[in-house]
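Engineer: Here the protein sequences line up with chains X and U, keeping their order.
With my numbering applied, the first sequence covers 1 to 314.
With my numbering applied, the second sequence covers 315 to 628.
Derived by calculation from the structure, the hints in this document are not laboratory data.
Being a predicted model, the structure only gives us computed values, none of them experimental.
Heads up, a few of these hints could be off.
Short, incomplete list of chain U residues facing chain X, as computed with Cβ under 10 angstroms [said to hold, decoys possible]:
1. A379
2. L520
3. A523
4. A613
5. I621
If you anchor each label on the Cβ, the simulated ranges turn out as follows [as the list claims (entries may be wrong)]:
6. Q408/U / M257/X: 50 to 60 angstroms
7. G55/X / R602/U: 45 to 55 angstroms
8. H266/X / E451/U: 45 to 55 angstroms
9. V367/U / S216/X: 40 to 50 angstroms
10. M257/X / H368/U: 50 to 60 angstroms
11. S216/X / A379/U: 17 to 27 angstroms
12. R602/U / S216/X: 21 to 31 angstroms
13. G177/X / Q627/U: 35 to 45 angstroms
14. S216/X / Q408/U: 37 to 47 angstroms
Ideal placement from N, C-alpha and C gives every residue a C-beta, glycine not left out.
Protein chains: 2
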Amino acid sequence: MDSGNPRIGIIGSGAIGGFYGLMLARAGFDVHFLLRSEFSAVQANGLTVNSDVHGQLHMKVQAYANAADMPPCDWLLVGAKATSNAELAPLIVQAAAAGAKVVLLQNGLGVEEQLRPALRPDLHLLGGLCFICVNREAPGVIRHQALGAVNLGYHSGPGEGAGAVLEQGAALFRAAGVDSQAMDNLGQARWQKLVWNVPYNGLSVLLQASTTPLMSDPSSRDLVRALMAEVVQGASACGHVLPDGYAEHLFRVTEQMPDYWPSMYHDHAQQRPLELQAIYGEPLARAREAGCSLPRIEALYQALAFIDRRNQQS
Amino acid sequence: MDSGNPRIGIIGSGAIGGFYGLMLARAGFDVHFLLRSEFSAVQANGLTVNSDVHGQLHMKVQAYANAADMPPCDWLLVGAKATSNAELAPLIVQAAAAGAKVVLLQNGLGVEEQLRPALRPDLHLLGGLCFICVNREAPGVIRHQALGAVNLGYHSGPGEGAGAVLEQGAALFRAAGVDSQAMDNLGQARWQKLVWNVPYNGLSVLLQASTTPLMSDPSSRDLVRALMAEVVQGASACGHVLPDGYAEHLFRVTEQMPDYWPSMYHDHAQQRPLELQAIYGEPLARAREAGCSLPRIEALYQALAFIDRRNQQS
Chain X
1 MDSGNPRIGI IGSGAIGGFY GLMLARAGFD VHFLLRSEFS AVQANGLTVN SDVHGQLHMK
61 VQAYANAADM PPCDWLLVGA KATSNAELAP LIVQAAAAGA KVVLLQNGLG VEEQLRPALR
121 PDLHLLGGLC FICVNREAPG VIRHQALGAV NLGYHSGPGE GAGAVLEQGA ALFRAAGVDS
181 QAMDNLGQAR WQKLVWNVPY NGLSVLLQAS TTPLMSDPSS RDLVRALMAE VVQGASACGH
241 VLPDGYAEHL FRVTEQMPDY WPSMYHDHAQ QRPLELQAIY GEPLARAREA GCSLPRIEAL
301 YQALAFIDRR NQQS
Chain U
315 MDSGNPRIGI IGSGAIGGFY GLMLARAGFD VHFLLRSEFS AVQANGLTVN SDVHGQLHMK
375 VQAYANAADM PPCDWLLVGA KATSNAELAP LIVQAAAAGA KVVLLQNGLG VEEQLRPALR
435 PDLHLLGGLC FICVNREAPG VIRHQALGAV NLGYHSGPGE GAGAVLEQGA ALFRAAGVDS
495 QAMDNLGQAR WQKLVWNVPY NGLSVLLQAS TTPLMSDPSS RDLVRALMAE VVQGASACGH
555 VLPDGYAEHL FRVTEQMPDY WPSMYHDHAQ QRPLELQAIY GEPLARAREA GCSLPRIEAL
615 YQALAFIDRR NQQS
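Just chain X, same shape as in the assembly (with noise of 0.2 angstroms):
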């Protein structure tokens, strides 16, 4: 770790922002949260999580409606839909102190090489892949159903120290009571990622089903399989070889999951923008590319997209 206690910022604390940011405080670390709409509810009531795993925590954090009131990070964790991160760009780097890491806790594709040129150079830019199962319940209040694991890759920085930058980060993580792995490859983690959240999350929308009965019934099965097999095959043409048997293995382990709501199906419900373009536009953009077609995921996609433009012109 640093020297001292380092100091992190969440930006956006809704689900995954609130979850790790109050694990991160509860272990005594010292954590800033920037918060929009519920600012005024966690700065009176502090932040809650429901957790079906630790029980319920809650504790009063140190909350902020603008980023120039809160003091310099150096790790800055951000939550947020990966739709709003051109607008958050200017929040992180008036957060970030000299030589911070910033982590996108984000799924899909292309959401670092988007940030970057807005960060400042002297900033370690990371990915995080959170394997967890947590919603929103109302301002400052979470639901924790299951899992929390989260991986980190190295996406880009100054110089050298990558590997140091890595270790620190899934420390600190552990420090928290979270399983955290340092990947050597941020492409391939991403990648791994997508084998759960293209099919659960757009099938959620698409089909208005949670992942109990997507798991429970013969035709989403398949096509939840069918959906795994093209993410590995579109993460082999772009050079990523999973390892084998990884979408059995996520498939087993979100039948022996609670019932689930992915988080583009809350997206949906409350008429926000769907995160299409990093969950479906670049993984299917970059197989491309490679000269690889996915017929089935170009399909979810382009049903989502009609589906999402609708709900947002509603």
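Fit chain U to the known structure of chain X by using the hints.
Structural biologist: Showing chain U alone in chain X's frame:
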């Protein structure tokens, strides 16, 4: 035509049976309607077609609740859902005069093969592909928005004479003011009709969208075109080379149609079973046997099968 005025029986008088039956009756044919849930309404009030093409058509008709009460018919037009063919077969046989012609006015593949074993050997079996925008507004009341052609193909029957039977059938419809063509090859005619049904029927349920929004969004337009291209590919693998530009022709026709909710949408909305086997399952199985994979159609079929099962259970 047959000597004298052929007697026509309509089996299952939803939108399709009701529309064509009324058109034939008002042209002076002797038409008999076998009805189930709509019997008393039609018996009391006759049939009404509110047509944007022909204006309002209304007639008292010869309605029956039991096939045993019908006189033997020379032509039987089956407008019921393909999903109910098995239970309809005995009624069709009961209402059929010796040597009668049975016309399945249904979409999809395999419907004749499924019904044939239940028919007498003296009966001719034909398929009819309806290019029409109709739906049922109320018991005995049908809304006709556009189009109306019926293309006929011969499936099987006693001995020779297929061509003559087909021409008689087409002449019957034309005498009632309905465009009708005798098709050389029923299999090809059914694949051609699938170019429309596969995208629009399924997407109307999956996206809860009628033709106008589907044709107004760039992503759903791409998806419709990609699904149409897979139908053309499947047809070709099964030995049916569709006319050049046929898919694009149907795409343009649909763009110019009034806004239309396909029949599968109404089936779903009224919790009737969807015609998935005929429109998706059978074409996929035949293409697969011919070594041809149709991934987008398969994904759509799996999604619809999930939706249909949930809808039937609820």
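Engineer: Run every hint past the structure and note whether it holds.
Structural biologist: Verification of the supplied hints:
The criterion of a C-beta within 10 angstroms of any C-beta in chain X is not met by A379/U, whose closest approach is roughly 37 angstroms, and the hint is violated. Interface hint status for L520/U: upheld, as the beta-carbon distance to the closest one in chain X is roughly 7 angstroms, under 10 angstroms. Taking 10 angstroms as the C-beta cut-off, the interface hint given for A523/U holds, the closest approach to chain X being about 7 angstroms. Contact between A613/U and chain X, as hinted, is supported at the beta carbon level, the nearest pair being about 4 angstroms apart and thus within 10 angstroms.
For I621/U, the interface hint holds, the least distance from its beta-carbon to any beta-carbon of chain X being 7 angstroms, beneath 10 angstroms. For Q408/U and M257/X, the Cβ-Cβ distance of about 54 angstroms falls inside the hinted range of 50 to 60 angstroms, so the restraint holds. The hinted window of 45 to 55 angstroms between G55/X and R602/U holds, with their beta carbons roughly 52 angstroms apart. The hinted window of 45 to 55 angstroms between H266/X and E451/U is violated, with their beta carbons roughly 38 angstroms apart.
At roughly 46 angstroms, the beta carbons of V367/U and S216/X sit within the given window of 40 to 50 angstroms. Range check, M257/X to H368/U: about 57 angstroms between beta-carbon atoms, so the 50 to 60 angstroms window is met. Range check, S216/X to A379/U: Cβ separation about 40 angstroms, and the 17 to 27 angstroms hint is violated. Judged by the Cβ atoms, the range 21 to 31 angstroms given for R602/U and S216/X holds: they are separated by roughly 25 angstroms.
A hinted range of 35 to 45 angstroms holds for the C-beta pair G177/X and Q627/U, which are about 41 angstroms apart. A C-beta distance of roughly 42 angstroms is found between S216/X and Q408/U, which places it inside the suggested range of 37 to 47 angstroms.
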